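Novice: Chain residues, written in single-letter form:
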Amino acid sequence: MEYCLTAEGLSKHYRHFKALNGLSIHVPKGSIYGLVGRNGAGKTTLIRLICGLQRPTAGEYTLYGRKSTDKEITEARRRMGAVVETPSVYPDMTAEENIRQQYLLLGLPSFDGISELLCLTGLENTGKKTARHFSLGMRQRLGIAIALAGAPDFLVLDEPANGLDPEGIVEMRELILRLNRERQITVLISSHILDELSKVATHYGFLDHGRMVREVSARDLEIACRKCVRLQISHTGSLARVLDQMGLEYKILGETEADVYGEVHLSRLVMALSQEGCEVLGMQEHNESLESYFMSLMGGGDHV
Amino acid sequence: MYKLMWANGRRMLRDKAFRIGCVCLIGVSVYFPVSYHMDLGDQAIPNNYFFYFSLFIGVFVSVLCSLYLGTEYSEGTMRNKLIAGHTRRNIYLANLIVCTLASLFAMAVYIVVESLVGIPLNGRVQMDLPEILIRFLVSGCMVLSFSSIFTLLSMLHQNKAAASVINVLLFFALMLTAVYLLSRLSESEFIENYVYIDNLGNLVPGDPMPNPLYLTKTPRAVCEFLCDLLPTGQGLQMCTQIFFRWGRMMGCNVGITAGTTLLGIFAFQRKDIK
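So the sequences go chain by chain: A and B. Numbering of the first sequence is given in the working numbering, commencing with residue -6 and proceeding in unit increments. Numbering of the second sequence is given in the working numbering, commencing with residue 44 and proceeding in unit increments.
If you're looking for bench data, these hints aren't it; they were derived computationally from the structure. Please read all numbers here as calculations on a predicted model, not as lab measurements. The reader is advised that the hints may include incorrect statements.
[Said to hold, decoys possible] In silico DSS-like pairs for lysine-lysine, Cα to Cα no more than 27 Å straight-line:
#1 B:LYS203 x A:LYS122
#2 A:LYS60 x B:LYS317
#3 A:LYS11 x B:LYS317
#4 B:LYS46 x A:LYS121
#5 A:LYS22 x A:LYS60
#6 B:LYS314 x A:LYS11
#7 B:LYS203 x B:LYS46
#8 B:LYS314 x B:LYS203
#9 B:LYS46 x B:LYS314
#10 B:LYS46 x B:LYS59
#11 A:LYS122 x B:LYS59
#12 B:LYS46 x A:LYS60
#13 B:LYS59 x B:LYS317
#14 A:LYS64 x B:LYS317
#15 A:LYS64 x B:LYS46
#16 B:LYS59 x A:LYS121
#17 A:LYS60 x B:LYS314
#18 B:LYS314 x A:LYS64
#19 A:LYS60 x A:LYS11
#20 A:LYS192 x A:LYS22
Given these sequences and hints, build the entire structure.
Specialist: Right under this line is the structure:
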């Protein structure tokens, strides 16, 4: 698998506080990578490091094959756009002027793409209104438009849905999906809104105390979180025979416990097991969400 | 760096602080020749006020640097530059150059307006052209010094309000120091023209006696050097004195600019940006 961003043993210390503590990450090209973690887990610090705003205390990361210690990292960084924490916009400028300013910074030869960016982010009708008078959602979208000015291959968004109303969240989601599908832009998103993240992410990285606890693809996570019925039976051998006959997918968890996936006709299953001499001692429905997966992974306790 | 300077320059022209500052300078540049003319009529000499700008151009530079560069931090737009792949050295230098050019432009506007208003009212400055040019040159270098000092402070403080306060306070601290140093240097060597009352109650003119406040040898040399080193000292000397050590002042300005810029780049490269 090709990665646009990898990191190994990345650390960032602020005096005695370890914001990142030997973190590793692998962001596949073309993915929408969701960065999940509690407050203070190190999500924003990681983003600051890869954006070049801060230097790692130890370890290094690789961006499009360029190590963070190489001088050429600035060239690799030109392939990325980012909105870190709050959108970085000049309040006294209009949306168009802000994007024009970014074009000048990037040294782009013409301003031709500005109207397309404004349309893409839904800011085409803002006219002479300055960014100072924009709503939070509009500022967020303007921040993304600025990040997209250099036609990046890699977009980093730190809490893009923060403070947005439900309509704004849906618009943001659709924009991210469009950018990923139509422009093949790899997106790294940190978010607290796990339900929202689960609607766009193709890969997840779970952070805790400055470390990567687990990286998992959405497909694997879906399997892990799949709806199932957990059965406690007298012996699993009989269960396996019955389920094979019924053509149901299952996972044996122990001698007396198993998960059965798919639509289960419970009375038929119980009768079949009874005929095999197997008793059903208990059953529970399992339907784990990203949120519950996260909570079980992090050990619960604090809020996300 | 050309891209950065171009983008910075465009923003500077739209910057409210810069525009308001220029308007204030224009107001002051009109005020001095007009008020001198109203007070002294035909006796007004332009030499007395023409270089007054060197006294307060530092306030303009301090406010401009802190507000213009502070916006980069307060609005987070500094991040856009770093993410766009610009090196920290180039970002620092581009900011310094644009702030310096904007300050020089404001100074030029002041001089032009003052000349346009002052020459018809009070006549030309009574100095040789080379002397006037030297004063302009030293003033330009002084602006460069101010700009490099205030750019350093503004680039190292991410809090816009704090940077503004620190810059303005520093300017006034430098000004008070320069005033004190110049007043010590202007003390006469002997106290003359004093009288005392003798035993008979008569007023007797006294002989000249040494002034204890008069600085000699090393302390005097140090004070003179500090006056030439401080940009505020340079400004005061240009306003109040006919002769000044312009060569040493230029050297000091080059030294201040080089020192603060090297220090600023070094510190900015290690700075954690939020």
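Novice: So, for every hint listed, does it hold in this structure?
Specialist: Tested hints:
Only pairs whose Cα atoms come within 27 Å are accepted, and LYS203 (chain B) paired with LYS122 (chain A) is accepted, the gap being roughly 25 Å. Proposed proximity of LYS60 (chain A) and LYS317 (chain B) is supported: the alpha carbons are some 22 Å apart, at most 27 Å. Using a Cα cut-off of 27 Å, the hinted pair LYS11 (chain A) and LYS317 (chain B) holds, with the two alpha carbons roughly 16 Å apart. Proximity of LYS46 (chain B) to LYS121 (chain A) is assessed by CA-CA distance (about 25 Å); at most 27 Å being required, the pair is judged to hold.
At roughly 17 Å between alpha-carbon atoms, LYS22 (chain A) and LYS60 (chain A) fall within 27 Å of each other, so this suggested pair holds. Annotation: proposed proximity of LYS314 (chain B) to LYS11 (chain A) holds, straight-line Cα distance about 17 Å (limit 27 Å). In summary, the hint linking LYS203 (chain B) to LYS46 (chain B) is supported, as the alpha carbons are separated by about 24 Å, within the 27 Å threshold. Between LYS314 (chain B) and LYS203 (chain B) the alpha-carbon distance is near 16 Å, which keeps this suggested pair within the 27 Å criterion.
This hinted pair checks out: LYS46 (chain B) and LYS314 (chain B) have alpha carbons roughly 23 Å apart, not beyond 27 Å. Using a Cα cut-off of 27 Å, the hinted pair LYS46 (chain B) and LYS59 (chain B) holds, with the two alpha carbons roughly 22 Å apart. Proximity of LYS122 (chain A) to LYS59 (chain B) is assessed by CA-CA distance (about 17 Å); at most 27 Å being required, the pair is judged to hold. Among the hinted pairs, LYS46 (chain B) with LYS60 (chain A) is consistent with the structure: their alpha-carbon atoms are about 25 Å apart, no more than 27 Å.
For a cut-off of 27 Å, the pair hint linking LYS59 (chain B) to LYS317 (chain B) stands: about 25 Å separates their Cα positions. At roughly 22 Å between alpha-carbon atoms, LYS64 (chain A) and LYS317 (chain B) fall within 27 Å of each other, so this suggested pair holds. With a C-alpha separation of about 19 Å, the suggested pair LYS64 (chain A) and LYS46 (chain B) falls inside the 27 Å cut-off, and the hint holds. About 17 Å separates the Cα atoms of LYS59 (chain B) and LYS121 (chain A), which keeps this hinted pair within 27 Å; it holds.
For the given pair, LYS60 (chain A) sits about 20 Å from LYS314 (chain B) by alpha-carbon distance, which is consistent with the 27 Å threshold. The straight-line distance between the Cα atoms of LYS314 (chain B) and LYS64 (chain A) is roughly 18 Å, inside the 27 Å bound, and the hint therefore holds. With a C-alpha separation of about 22 Å, the suggested pair LYS60 (chain A) and LYS11 (chain A) falls inside the 27 Å cut-off, and the hint holds. Taken as a hint, the LYS192 (chain A) and LYS22 (chain A) pair is honoured in the structure, with Cα atoms around 19 Å apart against an allowance of 27 Å.
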